[in-house]
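Chemist: Add chains W and U to chain E, keeping to what the hints say.
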Amino acid sequence: MSRLNRMLALVRIGIRLARLFISSYVSIILSSVFWGVVIFGSAVVFSKAPLQVIYLYIPGMFVFAMISGGMWAAIDYFRFYFHQGLTDMFLECGVGILEYSIMTLLIDGLLISFVTFIFMLFVTAIYANVPIVEVLPRHYMPLIASVISSIPVFIFSSCLIGLLLATTPIEVAWVNMLQFIFLLGTVIPPQILGEFSLFLPWTMPAELMRAAYGTNMIPLSQLYVMDLISVIAMTALSIILAKICDRQVRKKGITIRRG
Amino acid sequence: MSIVSVFRAIIYRELRFLKRMMPEYMSLAFQSTLFALSIIGIAMSVSGVSGLVAKFSQIFNISGKVSLTDIIAAALAFSGLLSLTADCVGSVSQVIIYEANVIDILHLIAQSTYLYLYYMTYALIYGLLSGIVSTLYVLVLLVVGLGAYGAYVYLMLLPAYIVTGIALSYYTLVVTLPLTYIVKMRRYWAISQVLVPVLIAGSGIFIPVSLVPLFLRVISYTSPLPEVCTILQEMFFKAIQSPIIFLMFTAVFVIYIALSTYISYKTEKLVRRGL
Amino acid sequence: MTTHCIIVDNVRKTYIVREGIRKKRSVEALRGVSFNVRCGTVHALLGPNGAGKTTLVKIMSTILLPDDGRVQVLGLDVVREPDKVRKVVGVVLDISKGFYFTLSGYENLVFYGLLKGLSKRDAERRAREVLELVGLDESSYKRPYHTYSLGMRARVAIAKALVTDPEVLILDEPTLGLDVESARAVRDLLVKLARSGKTILVTGHNMHEIEMISNHVTIIHKGKVVADGHPEELKLKLGLPIKIVLRLREIPRDIEEKIRSEIPIVNMCREEDKLIIYARGRRENIVQSLLEILRHNNLPIIDVQIVEPTLEDAYIAALRGVE
Chain E
1 MSRLNRMLAL
11 VRIGIRLARL
21 FISSYVSIIL
31 SSVFWGVVIF
41 GSAVVFSKAP
51 LQVIYLYIPG
61 MFVFAMISGG
71 MWAAIDYFRF
81 YFHQGLTDMF
91 LECGVGILEY
101 SIMTLLIDGL
111 LISFVTFIFM
121 LFVTAIYANV
131 PIVEVLPRHY
141 MPLIASVISS
151 IPVFIFSSCL
161 IGLLLATTPI
171 EVAWVNMLQF
181 IFLLGTVIPP
191 QILGEFSLFL
201 PWTMPAELMR
211 AAYGTNMIPL
221 SQLYVMDLIS
231 VIAMTALSII
241 LAKICDRQVR
251 KKGITIRRG
Chain W
1 MSIVSVFRAI
11 IYRELRFLKR
21 MMPEYMSLAF
31 QSTLFALSII
41 GIAMSVSGVS
51 GLVAKFSQIF
61 NISGKVSLTD
71 IIAAALAFSG
81 LLSLTADCVG
91 SVSQVIIYEA
101 NVIDILHLIA
111 QSTYLYLYYM
121 TYALIYGLLS
131 GIVSTLYVLV
141 LLVVGLGAYG
151 AYVYLMLLPA
161 YIVTGIALSY
171 YTLVVTLPLT
181 YIVKMRRYWA
191 ISQVLVPVLI
201 AGSGIFIPVS
211 LVPLFLRVIS
221 YTSPLPEVCT
231 ILQEMFFKAI
241 QSPIIFLMFT
251 AVFVIYIALS
261 TYISYKTEKL
271 VRRGL
Chain U
1 MTTHCIIVDN
11 VRKTYIVREG
21 IRKKRSVEAL
31 RGVSFNVRCG
41 TVHALLGPNG
51 AGKTTLVKIM
61 STILLPDDGR
71 VQVLGLDVVR
81 EPDKVRKVVG
91 VVLDISKGFY
101 FTLSGYENLV
111 FYGLLKGLSK
121 RDAERRAREV
131 LELVGLDESS
141 YKRPYHTYSL
151 GMRARVAIAK
161 ALVTDPEVLI
171 LDEPTLGLDV
181 ESARAVRDLL
191 VKLARSGKTI
201 LVTGHNMHEI
211 EMISNHVTII
221 HKGKVVADGH
231 PEELKLKLGL
241 PIKIVLRLRE
251 IPRDIEEKIR
261 SEIPIVNMCR
271 EEDKLIIYAR
281 GRRENIVQSL
291 LEILRHNNLP
301 IIDVQIVEPT
311 LEDAYIAALR
321 GVE
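Each protein sequence line maps, in turn, to chains E, W and U. Following this note's numbering, the numbering of the first sequence begins with 1 at its first residue and continues without gaps. Following this note's numbering, the numbering of the second sequence begins with 1 at its first residue and continues without gaps. Following this note's numbering, the numbering of the third sequence begins with 1 at its first residue and continues without gaps.
There's no promise every hint is true.
[Said to hold, decoys possible] EDC-like mimics (lysine to aspartate or glutamate), calculated; alpha carbons at most 16 Å apart, straight line:
1) Lys97/U - Glu99/W
2) Lys258/U - Glu292/U
3) Lys120/U - Glu14/W
4) Lys192/U - Glu209/U
[To be verified] Computed footprint of chain E on chain W, listed as stretches where at least three residues anywhere in the stretch have a Cβ under 8 Å from a Cβ of chain E:
5) 18-32
6) 39-49
7) 196-208
To be clear, the hints were calculated from the coordinates, so they are not data collected in a lab. Using N, Cα and C, we set each Cβ at its ideal position, and we do this for glycine too.
Okay, chain E solo, but in the shape it has when bound (with noise of 0.2 Å):
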C-alpha cells in the first residue's frame, strides 16, 4: 500500500512539475508532429493507397513516441539535470531513474505521445486529402489496451537508456541515433519486418494500436496474451535495470564525458 502511495505521489508531483514546462510541452509536441508529417505526409503524397499508409505505419508511432519519451526522460535525467545539479537533489531523496520515469509517466508519456500521435493522423489526413474521421481508430477496446500496456515500455526504455547514460560517457547525439533501434516492430509492423519483430517486447503494444485499425497481422486473442507476458516480461526487466543502474551510481557516481 505504501509503495502504491509513493508512487501515486510520485504521479502528483510529476504533474506539478509539468505546470512549469508547458511551452517546452507545445514545442515537443509540434515538433513530433512535423517530423513526422515530414515523413507520413510525403510517403502519403508518393503513395497509391494513401489511407493504407496512415493504418499500417501510423499507429506505430504512439508507441514509438512512448518510448522517446522514456529515453528523453533518461537524458534529461542523467544528462541535462546533472549540469544542473538537479540529478543529485532527485539521488537525496530517493528518487531513482525507476521513480523518476513513474514521475513523468503521464505527462512526458502518455499525454504527449497521444496528442503527437492524434495531431500527425490529422494532419497527414490533410496530405491524403481525406476526411479527419476517416483517420480515426475505430476499435477501442485494442485501443485501450495498447495505450495501457505502452506504460511499461515508457518505464522500460527510461531504465534501459538510463542505465547506459549513468554507466558510460555516451552522448546525447548517440542515444539519439540509438532510438531508432525501436522503430523495428513499433512504426515499421511485422508485415514488413517478418516474424523476428515478434520477439521485442515493444511490438505488441503497437500491434494493438494497430488492431484498432484493423491492420495487425496476429490475431487478436493471441495478441492480448502475448501483450500481457511482454507487459510482465517489461515490468521485471525495468527493475532489474534500475536496480543495477542506481547500484552503479551510489558505486561510482555518474559517468559523463571529461575529455
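Modeler: Just chains W and U now, with coordinates in the frame of chain E:
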C-alpha cells in the same frame, strides 16, 4: 577590431567545435538518410515499385523514364536540404541564445568587437561550413549508389547547398536576435525544436511545395527554403524551366541580408545601452 | 603626461527593467560617479551588491554605454574610441563562466586573442604564456572548460585579461568563491602585475584582501561615491577610533579622568587589570600622550596592545554615514 580578426576567430572556433560536434553531424546524416529512405520504403511497401515510379513521375511531371535508383538518388539529394536546415537553423539559433543568456560569453565578445560584425560574420561562416559539412554524407551515398556520376551530381548541388546555408543562417539571425534580446528567451533549443520541422514540413523538401497544406506553406514562405526546394527539384529532374525562381531566391537572399544587418545593428545598440 | 590612467567623470547610467510584456521600470545604477585611477597602482572599487560596481566596470571596458558623463582610459574615450580602448584594456567579469564550455581553456584564449586582432601564431603563443603565468599546467588547460574547478576558471579568466598584454586591467571580483590557496595565488599575481607597471582596478567584498593589495580605495553606494582615498587616509577621514588595551599593575580611580582631559576619547572601560581605550586621532599622537600620562602618574605598563581600525570598519562607517 577589424572584420578580418572576427572572421579568423570564428573560423578557428568553428573548426574546433567541428571536431567535437562529429557525433551530432553523424546523427544528423543518419537521420536525414533514414527520412529519405523511409519515405520511399513506406510508399513502396504499399504501392510497389512500379506504383511508386508512376506516382513519382506524375507528381514531378517527368516525361522520360525514371528508375528506382533515380528516385532514391533524388530523395538523398533532397535530404541534404533537411540536414542543412536542421543544422543551420538549429545551431545558429541555439548558439545565439546560449551565448547571450546561458553561458554569458557575450561580454567576451562585446569587449572585443562590435556585435553586429560578429553576428553577420558568424552567420556567413556557419552557413558556408554547414553547406559543406552537413551535406557531405550525400556525396558519400551518391558515390556509393551512382559511382563517379554521383560525385558529379553532388558537385552540381553543392553551390545550391552553400547558398541555402548562408541564406538560412541570415534568416535565423532575423528570427532569433529579437527573441534573444527582447523576449530574453533562455531555452536555447526551443526555436530550433519547432522552427526546423515546421520549415521542412512546410517546404515539402521531398514533394513539390504546391502539395503541402496551405497553413504549413505560409510559415515556410518566411524562409528561403521553398524556393530552394523548387530549384533543386527542377535541377534534378529537368533543366530549369522557370528562371523566375532564381530571381525570387536572389531577392529573398538580399532581403535577409539587409534585414539581418539592420537587426544585428539594433541588437548592438540594445546591448550597449544595457536593455 | 597625465598620472591618471582611468578618469571617471560624473558618469550616470539608468537601466530600463522590463516587468512583463508592457510594464517597464527604470533603475538608476550610477548617479554621477567620479574618481580617478593613478597609473601603476591597484585601485579598489568597493560597494555592497547592487551599488553599481559591475555597471561601471562594463562601461570602462566598452561593453556598456554611459547615459551621461565621461570615462577615459589612458586618455581614450570609451564612447568615441571603443576600438582603441579595447586594445589597452583587459577585463575579468565573472570568474565562474564566460567561456565556451566544450572548448579547452587554451582554445578559448586563442579565440579571444584572434578576436582582439592577434595573428594566429601570436594568439597561440600568448595563450600558452599567460596560462603558464597564472599557474595552469599544460595537461589541465587542454581539458574542456566545463571540467575545470572554480580556481582553474578564475585563473583562465585572469589569463584572458592578460592575453593582449594590456596596460590596464579591470577585474570584477576576481577571487569570489575561491579557496584560500587559489585566492592567495590570484592576489600575489595582481601585486606582481602592478609591480610590473600595470594599472589595476579591482572590485570585491573581501576587505582584508583588498586592504592587502590596494593603494587606493573608492567606495560607491547606490550609484554614488561615498568615500575615496588611500585606505589609511580613509580611516582617518572617517574618524574611526583606535583601540588601545593597556595592562597595568594597578589602575587608579582618577586615571580615566586624566586620560580624558588629554586625549579625544570615544569610549573607555576597565576589565580586571586592563584599561580599554577607544580614541580618535593620529595613532602616534595618541600613543605619545598616553605614555606621558602613565609615566607622569608612575604607572608601569605590563602589556600594551594597539588595534587599528580595518578597511572593513572604514567601509561600514562610510556606508552607515550615507544611510
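Chemist: Against this structure, judge whether each hint is valid.
Modeler: Structure-based check of each hint:
no. : hint                : verdict
1   : Lys97/U - Glu99/W   : 11 Å, holds
2   : Lys258/U - Glu292/U : 11 Å, holds
3   : Lys120/U - Glu14/W  : 15 Å, holds
4   : Lys192/U - Glu209/U : 15 Å, holds
5   : 18-32               : holds (count 6)
6   : 39-49               : holds (count 7)
7   : 196-208             : holds (count 9)
Of the numbered hints listed earlier, not one is contradicted by the structure.
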